[in-house]
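Peer 1: Chain by chain, the residues run as shown.
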Amino acid sequence: MMKRLLYLKGVATLRLEQETCIGCGMCLTVCPQEVFVMAHGKKVRISEQDACMECGACMLNCPVGALWVQSGVGCAQAVFNTMLVTIQLKAGNEQKQPKP
Amino acid sequence: MAIAGQAFVVGVLETPVGTVPRVATVLAGRDRWGTLLVRLGFGRMRYTVEPGLYGVGAPNEDSPVLVTANYKLSFDHLRAALVGLDAWVLVLDTNGINVWCAAGKGAFGTAALCAQVAASRLAQLVRHRRLVVPQLGAPGIAAHAVKQQSGFAVVYGPVLARQLPEFLARGMQATPAMRRKTFLLAERAVLIPVELVIAGKWALLLALLLAGASGLFGPATFWENVREHGGWTLAGLGSGLLAGTVLTPLLLPMLPGRAFSLKGGVAGLLAALIFLAPFFSRSEGEGSALAALAWLLIISAVSSFFGMEFTGASTYTSLSGVKKEMRIAVPLQAAAGICGMLLLLWAKRVQ
Chain A
1 MMKRLLYLKG VATLRLEQET CIGCGMCLTV CPQEVFVMAH GKKVRISEQD
51 ACMECGACML NCPVGALWVQ SGVGCAQAVF NTMLVTIQLK AGNEQKQPKP
Chain B
101 MAIAGQAFVV GVLETPVGTV PRVATVLAGR DRWGTLLVRL GFGRMRYTVE
151 PGLYGVGAPN EDSPVLVTAN YKLSFDHLRA ALVGLDAWVL VLDTNGINVW
201 CAAGKGAFGT AALCAQVAAS RLAQLVRHRR LVVPQLGAPG IAAHAVKQQS
251 GFAVVYGPVL ARQLPEFLAR GMQATPAMRR KTFLLAERAV LIPVELVIAG
301 KWALLLALLL AGASGLFGPA TFWENVREHG GWTLAGLGSG LLAGTVLTPL
351 LLPMLPGRAF SLKGGVAGLL AALIFLAPFF SRSEGEGSAL AALAWLLIIS
401 AVSSFFGMEF TGASTYTSLS GVKKEMRIAV PLQAAAGICG MLLLLWAKRV
451 Q
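Here the protein sequences line up with chains A and B, keeping their order. Quick note: the first sequence uses the numbering used here, first residue 1, plus one each step. Quick note: the second sequence uses the numbering used here, first residue 101, plus one each step.
A portion of the hints provided could be inaccurate.
[What the hints assert, rightly or not] Stretches of chain B that chain A covers, calculated by requiring three or more beta carbons in the stretch to come under 8 Å of a beta carbon on chain A:
{"id": "1", "stretch": "269 to 282"}
{"id": "2", "stretch": "408 to 416"}
[What the hints assert, rightly or not] Straight-line alpha carbon distances no greater than 30 Å define the calculated DSSO-like cross-link-like pairs of lysine-lysine that follow:
{"id": "3", "chain 1": "A", "residue 1": "Lys-9", "chain 2": "B", "residue 2": "Lys-281"}
{"id": "4", "chain 1": "B", "residue 1": "Lys-281", "chain 2": "A", "residue 2": "Lys-90"}
{"id": "5", "chain 1": "A", "residue 1": "Lys-43", "chain 2": "B", "residue 2": "Lys-281"}
{"id": "6", "chain 1": "A", "residue 1": "Lys-9", "chain 2": "B", "residue 2": "Lys-247"}
{"id": "7", "chain 1": "B", "residue 1": "Lys-172", "chain 2": "A", "residue 2": "Lys-9"}
[Stated by the list, open to error] Sample of chain A residues with no beta-carbon within 10 Å of chain B, all distances over it, derived:
{"id": "8", "residue": "Lys-9"}
{"id": "9", "residue": "Arg-45"}
{"id": "10", "residue": "Trp-68"}
Keep in mind the hints are simulated off the structure, nothing from the lab. Ideal placement from N, C-alpha and C gives every residue a C-beta, glycine not left out.
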């Protein structure tokens, strides 16, 4: 097994509220990046925060809401597109404002 | 197109909920041709199958139900993995987008799944209450909500469709390897053609602009200038493009840093040195040194940009990370590109 590919350090927004966790293991099942481990078979622990790609699968599938992440798609083109739409919306709003 | 009229439908299955089309598990020549075209970026947004219920083999009331998206490449991967198996295939309407991307945007989601389960009357078709959903569909599906709304339990299948037979044979248990999304050399290489075609369109536009600029600012007439410098312009931009869209994905784990813009920039530097080698060995003087520096900047900037664009095709980048690297890299890329072009014009004056 070759060294795993990791993205930027310390940016992933993933948070786990361990008191709420019931240890069902759904997050371990859905995570494609092996971010979690089961600690003593009872509660989940984040073992590789930097491997999180913020897909949001764990948050959506956690039945008790113990996980939170600012989910999105890590795609530069999508970020450009979002910026363009935001600029267009702003420009549109300014045009719509009545002239004094 | 009618659901039964599609070329991969090879028969019908009589069921308690009416006739269900039976699909081939062996891909035909036209399926391979279609795969080739979308891998090259042609007709990728219209490569769809009709959403709904299908069957493979001779499925019955105990056969597993496998869920997928209506991107034909996804559907083909799935049915090709099911040779010799009996199963139901439930295709959700994702507007022709693959499972992972559609899940990220919500089209492959809890609501769409529950609606399709109801529309296909799955509860009357099968005795069990299980849906096998691809693991990469999980960013759009809340398993507990699906159970609540449809009565069906979601079982997450392997990342790769081709591991489904083993997954089913193990009683719907995945091995740790089935749960991991890898990004190996072959998986990166297959993405290169479509990246090249998309990037090529932009690069062609930029090349035309630069060739025009070189024609206007050179010492001789417009067309003589373009003939003199147009080749260099194309070669320079071509190196940047190839470094960003081919070299960067291929060498990804070997390139330094974690940011794709940095990896792309380094690949660009490598390409620039190769591109500039004949430049250095052939000519002398202040002008050519300036031009060499200019090309170093331009090629690295172009490669860094296209390297950064590869975050969208990659399997492990986060939105927070992409935003962070873009805040730093985009101004640098723009500055390097503009400085490079100004230097190039200056070099022409000096020569």
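Peer 1: Hint by hint, where does the structure go against what was stated? Just the numbers, ascending.
Peer 2: 4, 6, 7 and 8
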